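S.K.: Given next are the chains, with one letter for each unit.
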Amino acid sequence: MKMKNFNLALLLAASLAFGACSNNEEIKVSEVTLGITLPALSEGTITLKSGTYTFTNISNGLETPVDYAGTQVTLPDGLYNVSFIGKADLTTAQTTEVNVQGIQQNVSVTGGAMNLAITLHIRNANEQGNFVIAEVFSGGTIHPTTNKAYNGDQYIRIYNNSNQTLYADSLILLESEFVTTRKQDYTPNIMGEAMTVQAIAMIPGNGKQHPIAPGAYITLCDNATDHSIENSNSLNLSTADFEWYTGSTNANYPDIDNPAVPNLDMIYNYTKTIWVLTKQGNRAYAIGRLPKGVTPQNYLKDYTYDCHYTLANGNPTKEFKYYKFPNSWIIDAVNMSPKNSYVWNVVDASLDMGFTYINAMNSTIENAGKAVVRKIAYKEDNRDVLQDTNNSTVDFTPSVRATLLPKH
Amino acid sequence: MNRFSSLIISILLGVLPAVAQQTYTMTGTVRDAETKEALSFATIQLNSLKKNDYGAITAADGHYSLIGLPAGTYTATVSYLGYQTYIKEVTIIKNTSLTFYLTSSATSLNEVVITASESKGITSASKIGLTAMKHLQPTSFTDLLELLPGSKASVPAMGAANLIHLREAGSTSEAISSLGVGFVVDGAPVNTDGNLQYVPGTNQFNQARESVSRGVDMRTLSTDNIESVEIVRGIPSVAYGNLTGGVVLINRKQTASPLTARFKADQYSKLFSVGKGFRPTDENNVLNMDLSFLDSKVDPRNSLENYKRITSSLRWNADRMPGRHKTMNWNLSADYTGSIDDTKTDKDITLKENRYRASYHQFSLAGRWNLKFSDTSFIRALRANVSLSQEINETTETKSVSIDRPMAIPSSTESGEADGIYLPYNYIAKMVIDGKPFYVNSSFAGDFAFRWFQSTHRLRAGLEWAYNKNFGNGQVYDVTRPLTVASTTRPRSYRDIPARQTASFYIEDQVKLSLGKHRLYLEAGLRGNTLLHLSSRFAMKSRLYLDPRLNLQWRMPAFGAQKDWFADLSGGIGWLSKMPTTAQLYPDFKYVDVVQLNYYHNNPDYRRINLNTYKWDNTNYNQEPARNQKWEVRLALSHRGNEFSVTYFQERMNNAFRDISYYRTFQYKKYDVSSIDPSTITAKPDLSDLSYVPDTLINTFTQSGNGTRVRKQGIEFQFASQRIKALKTKITINGAWFRTIYSNSVPKYEESSIFLNGKQLSYIGVYDWEDGTEKQQFNTNVMFDTYLERLGLIFSTSAQCSWFSNSKALWNNGTPIEYIDNTGTVHPFTASSAENAELQHLITNYSAAYFDRKTIPFAMDINLKATKKIGRYMNLSLFVNKLLTVYPDYYSGTQLMRRTSSPYFGMEANLTF
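Heads up: the sequence lines are chains A and B, in that order. Read in numbering that gives the first Met the number 0, the first sequence has 371 at position 372, and its numbers run on one by one without any break. Read in numbering that gives the first Met the number 0, the second sequence has 119 at position 120, and its numbers run on one by one without any break.
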């Protein structure tokens with residue numbers, strides 16, 4: 000009997016101990032001291048004129064705006080994305096007003112008091128205009144008989160946003176290795192210098208073969224066939240400018256080549272079967288060029304990037320061998336993420352400080368038929384000038400019907 | 000010398016009993032009072048007033064015989080380590096037969112043992128009795144393993160095959176871990192070597208339900224008709240073969256017993272069983288019947304994924320006396336075990352029904368015949384064992400497949416170029432794996448005894464033959480509607496697979512030697528195994544594989560002031576081999592289909608996909624049995640019913656089974672379609688009109704082979720107190736430290752899946768480093784059990800602690816030693832190769848921290864179990880595992896790790912009429 004009572008007493012004591020742990024905690028707040036790091040200039044001076052910090056609480060989405068003149072803000076503890084958008088005076092020979100912006104992601108506000116400094120970038124400074132990514136249609140369509148995803152009709156459109164003819168030859172399409180919906184502590188962190196990519200596809204040509212007039216589009220697609228014959232929900236891509244083709248030898252994943260449409264040169268791809276753009280809409284796309292003197296062969300030899308990250312159990316992964324594409328070679332980049340599962344950006348904030356989305360949810364079915372399309376900023380000589388502020392949150396119209404799909 | 004001459008005299012007396020005076024024999028058995036288990040190596044001494052002393056030691060089956068006894072009154076003293084010495088007056092006036100029942104000191108206060116007890120035999124083993132099983136409230140055999148040193152209670156995983164792992168740290172996916180453990184039910188080995196129930200290309204969840212070449216799925220073993228279990232962790236006798244680890248010996252109920260019924264319910268399952276053992280005619284015939292039914296859910300919230308099991312058994316046990324000094328035991332059994340693994344998707348949610356259903360029906364008949372001769376004869380026993388079992392297994396996977404772009408499948412089942420078939424966008428795929436393995440196990444053995452100088456010998460020799468053949472239709476499906484588009488298999492009938500036959504012999508000498516008050520026991524044996532009727536291409540053809548095994552035990556005389564301390568020291572070394580299974584000997588053919596042309600016109604009539612199919616035999620003819628070397632030393636102490644034992648062991652295996660890699664090249668034609676004008680074409684393109692570029696691919700594949708290195712070492716200990724009178728409580732502490740290494744023992748070939756500069760990487764890397772993990776863990780289990788006889792209550796609390804567990808990847812530099820190009824030429828991998836744009840992708844780098852030891856610190860579970868007798872007929876039991884848990888947070892690197900667990904609880908009623 001003694002033993003039994005002892006056991007019961009032990010139980011009782013333990014349950015009391017459990018109860019004691021569950022006291023209510025007060026919501027803690029911390030004071031954040033704000034700071035700005037202005038862009039480094041080769042010449043002249045820069046003075047901040049106006050602007051707003053926006054603190055977005057990652058867990059609940061609440062936004063707290065703070066004027067640029069503010070030096071401190073008190074926030075509930077949590078994880079925040081902080082952006083700054085403002086205007087500054089750039090003084091060299093003369094003074095011009097420039098737009099500046101900066102972002103810092105996953106800022107952990109905790110511990111009562113902390114400092115935060117945001118590095119700003121000047122945007123649109125002396126931009127002549129260049130190629131931009133005008134549309135990413137990675138959602139694909141739904142096949143009417145299967146009611147499931149159909150692939151092969153994905154495309155990306157590139158637009159000549161300048162006022163002169165540009166050559167598409169050797170323009171490179173990049174897909175990010177990392178996804179925007181899952182953040183890892185990739186070590187070493189090279190985000191500030193290069194984009195980590197899993198696909199590098201280059202438009203062929205000798206430099207003068209593919210002239211693109213101002214305001215003209217280039218369409219790059221998966222299979223350049225008339226998909227609407229097979230799939231009434233799809234579109235005719237047989238007149239696309241380029242298609243990507245790996246010549247897969249795998250009978251279960253054969254790739255299709257339309258000999259009438261030139262193929263992109265696949266410099267690197269993570270897969271040797273078929274390349275499908277992100278159906279979940281959770282990667283970044285970019286366009287860029289290899290600088291003079293860097294051949295694809297040299298690039299493949301010299302620009303590998305070995306990195307690892309820490310798994311949820313605290314263990315490091317092995318080193319993954321990826322390719323890195325320097326930020327300075329990138330012309331335009333756009334982060335995409337399902338709105339509700341966005342975690343971080345996978346290109347540097349100087350390339351794109353925001354993100355755009357195909358859909359709120361990470362669902363391939365709902366993503367079908369939807370694309371992200373760059374907004375028109377203004378018209379110049381009857382030519383649409385697309386908005387390019389290196390902030391895809393404002394530059395793109397999210398979740399719209401792909402422009403090449405037949406209207407409903 | 001004096002002793003020697005008296006020995007000679009006693010032998011002479013035995014042989015010539017009529018000399019001088021009339022003498023008699025006393026024979027019989029020494030048994031455990033509770034379990035009725037025979038006790039081997041028990042000492043029997045007869046002392047008479049005339050100072051004539053006679054002694055004997057019982058054999059492995061508990062038999063003893065004392066010969067040449069003059070008529071008179073003797074004091075019989077029966078002693079055995081860990082048991083209370085039994086003293087009785089015996090009067091000999093004729094040949095006498097007498098069975099002694101000894102009471103274990105551990106259980107002498109109350110004969111209730113609810114933990115596994117450490118065997119006192121020659122090798123380390125855990126014995127689990129009926130009371131322990133009842134108190135544990137198992138759903139399947141899996142739950143009993145909690146009682147082994149170093150094990151913890153686990154939550155049932157009914158959605159996956161339950162595989163046994165002995166003496167191992169952490170978990171492993173290596174097949175040998177469970178395949179190497181033998182199961183023997185009532186003397187007949189459970190053969191799973193003919194299991195071919197796997198669905199090629201199924202998902203990982205379904206794969207986990209399959210146990211091909213992974214041994215016994217313990218979910219199928221009901222515990223309800225089990226009388227006792229012995230799990231030999233050490234070096235089993237040579238009588239047990241076709242294993243590399245330990246052996247699980249299951250003895251089912253063979254005695255008359257009242258009608259019992261059991262109802263158990265927990266979060267996951269409901270179990271019902273009923274059984275009775277009765278004597279239909281007389282004392283010498285016992286008929287046992289039982290039936291059990293289990294209905295379990297993998298996740299209590301999901302009714303669509305479940306596992307059901309039915310077992311029923313009919314066992315007849317008969318004892319006969321065909322002659323004056325002979326006893327004969329007949330044992331016949333007929334069994335049925337059925338189980339169904341079923342999982343499907345919810346039709347309401349997904350608009351389609353995907354289903355995986357594996358049904359298993361086993362019908363078996365077994366016969367055991369045992370003839371025992373007089374304890375004075377050279378032949379002591381003859382045994383014959385035959386078991387037949389027929390399984391009818393059907394695994395069916397039905398899946399609605401939707402493809403997302405034009406995809407094709409090959410139409411050809413032979414090598415060569417042929418057109419493929421484009422798949423429809425939507426279809427229902429169905430694959431049936433129809434397996435009907437038929438097993439025969441038979442053995443014939445004899446025991447012989449003789450004396451040689453001061454030693455008594457018992458020789459055991461036996462022959463075994465096992466046969467299995469699968470009569471199923473095999474993998475049956477429509478090739479044009481594959482389960483996964485990535486599948487590269489073709490239908491295959493299992494009837495075409497040759498029967499697998501093994502023959503074995505063994506011979507073992509059990510020697511007893513008394514040196515003064517010291518006793519030495521030796522068990523030395525040799526086992527030979529061979530596979531019969533193999534094709535001559537196999538290296539194993541006509542080869543005999545020998546496994547020598549040796550166990551030694553030194554039982555010291557009682558010591559201490561009261562002479563109540565006993566100690567014995569044991570050790571053993573043995574080699575154990577496991578033959579490859581049918582699935583490993585006769586794998587499916589390998590198919591690779593290389594696309595040469597894929598012309599996909601908008602008009603379906605003009606489309607053409609041309610494939611070059613390569614088909615080859617994926618059999619590894621150089622396979623050999625996996626062979627493990629084990630050794631261990633053990634010290635056991637016993638003092639007034641308190642028992643302590645500690646064992647250190649090591650195991651080494653260099654050729655355990657694994658899928659080893661190899662490479663081959665494929666030549667194919669890369670057709671150029673640029674000459675076709677899609678607008679003018681009127682028929683499928685003609686291959687002869689197209690130009691092509693010859694190209695060669697190089698890829699890696701795997702085949703079954705001997706490529707795993709295993710190292711195991713550890714320390715196991717157990718302390719069991721006697722029941723402390725004042726508290727009516729018994730304390731059991733057991734635990735184990737294990738260190739386990741699994742790695743590859745042969746070089747690896749690896750291909751890369753990347754696409755570089757417009758082409759596939761046409762190089763294969765050859766890696767000669769160890770790809771493996773070293774794991775360690777230290778667990779203890781402290782159990783207090785209280786037996787309140789007056790209340791009919793047994794109450795136990797156990798604290799199962801995992802003091803640490805850690806793992807460490809074995810170091811490697813990630814660099815291949817060689818690379819192979821698509822002509823099959825082997826090149827050394829040099830420093831300049833590492834700089835090459837393509838070859839650098841064959842290198843895997845690791846950060847320094849990758850090879851650090853990762854440790855998970857202390858964790859403790861408190862489990863409660865109680866059994867209460869209610870009224871005359873009912874025992875009510877309940878258990879709560881993980882009622883309390885202590886899982887402190889810890890840092891892994893910089894990451895804060897939090898651990899949680901949820902309790903597992905249930906209750907059951909046992910009715911006995």
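Hints in this document: simulated from the structure, not taken from any laboratory. The model shown is predicted, which means the values in this text are computed figures rather than measured ones. Fair warning: there could be bad hints in the mix.
List time: in silico DMTMM-like cross-link candidates among lysine to aspartate or glutamate, alpha-carbon distance up to 20 Å [claimed, not checked]:
(1) K320/A to E834/B
(2) K317/A to D770/B
(3) K669/B to D264/A
(4) K300/A to D820/B
S.K.: Please go over all the hints and tell whether each is borne out by the structure.
M.R.: Tested hints:
1. A distance of roughly 14 Å separates the Cα atoms of K320/A and E834/B; the hinted pair therefore holds under the 20 Å criterion.
2. Taking the CA atoms of K317/A and D770/B, the gap is about 12 Å. The hint holds against a cut of 20 Å.
3. A C-alpha spacing of about 17 Å is found between K669/B and D264/A, which places the hinted pair at or below 20 Å, so the restraint holds.
4. About 18 Å separates the Cα atoms of K300/A and D820/B, which keeps this hinted pair within 20 Å; it holds.
In this structure, none of the earlier numbered hints is contradicted; all agree with it.
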